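Make a model of the complete structure from these sequences and hints.
Protein chains in written order, with our numbering: chain B, 1 to 110; chain L, 1 to 110.
Hints in this document: simulated from the structure, not taken from any laboratory. On a predicted model such as this, the values are computed, not experimentally measured, just so you know. Hints may contain errors.
Simulated restraints on C-beta separations [to be verified]: (1) S77/L to V68/B: 56 to 62 Å; (2) V68/B to D40/L: 38 to 44 Å; (3) S24/B to K63/L: 32 to 38 Å; (4) D7/B to D70/L: 18 to 24 Å; (5) V68/B to E83/L: 51 to 57 Å; (6) V33/L to V101/B: 21 to 27 Å; (7) G99/B to S24/L: 33 to 39 Å.
Selected chain L positions facing chain B (Cβ under 7 Å, derived; list incomplete) [what the hints assert, rightly or not]: (8) A20; (9) S24; (10) V29; (11) K31; (12) I37; (13) T38; (14) F47.
Computed cross-link-like contacts, DSS-like style, restricted to lysine-lysine with a CA-CA straight-line distance of at most 27 Å [unchecked claim]: (15) K107/B to K63/B; (16) K10/B to K6/L; (17) K26/B to K63/L; (18) K6/L to K63/B; (19) K10/L to K26/B; (20) K103/L to K10/B; (21) K79/B to K103/B; (22) K107/L to K10/B; (23) K10/L to K10/B; (24) K26/L to K10/B; (25) K63/B to K103/L; (26) K26/B to K6/L; (27) K26/L to K63/B; (28) K10/B to K79/L; (29) K6/B to K26/L; (30) K6/B to K63/L; (31) K107/B to K10/L.
Just so you know, even glycine gets a beta-carbon here, dropped at the ideal spot from N, CA and C.
There are 2 protein chains.
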Amino acid sequence: MDIEGKDTWKYANAGADTVAISSSVKFAVIKRVEREITIDEICARYFEDIDIVLADGFTLSDKPRIIVADSSEDIESFKRGCEVLAVVGNGFGLDEVEGIVGKIRLKVMG
Amino acid sequence: MDIEGKDTWKYANAGADTVAISSSVKFAVIKRVEREITIDEICARYFEDIDIVLADGFTLSDKPRIIVADSSEDIESFKRGCEVLAVVGNGFGLDEVEGIVGKIRLKVMG
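So, in structure tokens, the structure goes:
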């Protein structure tokens, strides 16, 4: 929908602050914002029906994290005092999906 | 974001029910849905900070409408008992933007 020439793109380009498109299987919305929305706001407003949210980025958040790094300096700098569920690269391998999922499952379901 | 190969596309393709992307100027979310969301739900949830929502489609809604048609049969069939703000094609011309905007403004601001 964010593609030049599409109706939704035309509406956004014409100045619409929010553009949405809706069907029986998919709903999408694009909003102009004046500041980056926090991860808590995003989860509360858009993921309230979702059990597990995986976020990429949001390095300043205080959420439990999965760190992808192989040096202990990088691991420490990405940790930023947060709970670490798993370290990938130095610990889990990049393809150890089951093991990483197990850590997420343990965190969420206990 | 709905483009093959993009990270957001990969997440949706991997089975995520909701995918979002966030920056300091734009926020976008794509949700899988099990039925088409009504226009009232869309407005309440995603356009609550917006003064005027123009919707294309939603022919079964009961909202005031702008009809684009040139025959009186088409006008009547698109009207479906709703309030009509303007008829474009048979009344306003396609390029009479100011006049059509005037009708919207009158409806919203009185």
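Restraint status (C-alpha distance of K107/B to K63/B at most 27 Å): Holds, because 12 Å separates the two Cα atoms, which is no more than 27 Å.
Supplied distance hint 51 to 57 Å, evaluated on CB atoms of V68/B and E83/L: The hinted range 51 to 57 Å holds for V68/B and E83/L, with Cβ atoms some 56 Å apart.
Hint consistency between K10/B and K6/L [alpha-carbon to alpha-carbon, up to 27 Å]: holds (22 Å)
S24/B paired with K63/L, Cβ distance criterion 32 to 38 Å: violated (20 Å)
Range hint compliance [Cβ, V68/B to D40/L, 38 to 44 Å]: Given about 43 Å between the Cβ atoms, the range holds.
D7/B versus D70/L beta-carbon gap, inside 18 to 24 Å or not: holds (21 Å)
Cut-off 7 Å, beta-carbon criterion: hint that V29/L touches chain B: holds (5 Å)
27 Å Cα cutoff - pair K107/B, K10/L: holds (24 Å)
Evaluation of the interface hint that places A20/L against chain B, nearest CB under 7 Å: Hint on A20/L: holds, closest Cβ of chain B at ~6 Å, below 7 Å.
Outcome for the supplied range 21 to 27 Å, where the beta carbon pair is V33/L and V101/B: holds (26 Å)
Agreement of K10/L and K10/B with the hint, judged by alpha carbon distance not exceeding 27 Å: With a Cα-Cα distance of about 26 Å, the restraint between K10/L and K10/B holds, given a limit of 27 Å.
Restraint check for K6/B with K26/L, where alpha carbons must lie at most 27 Å apart: holds (18 Å)
The structure shown violates the earlier hints numbered 3, 13 and 25.
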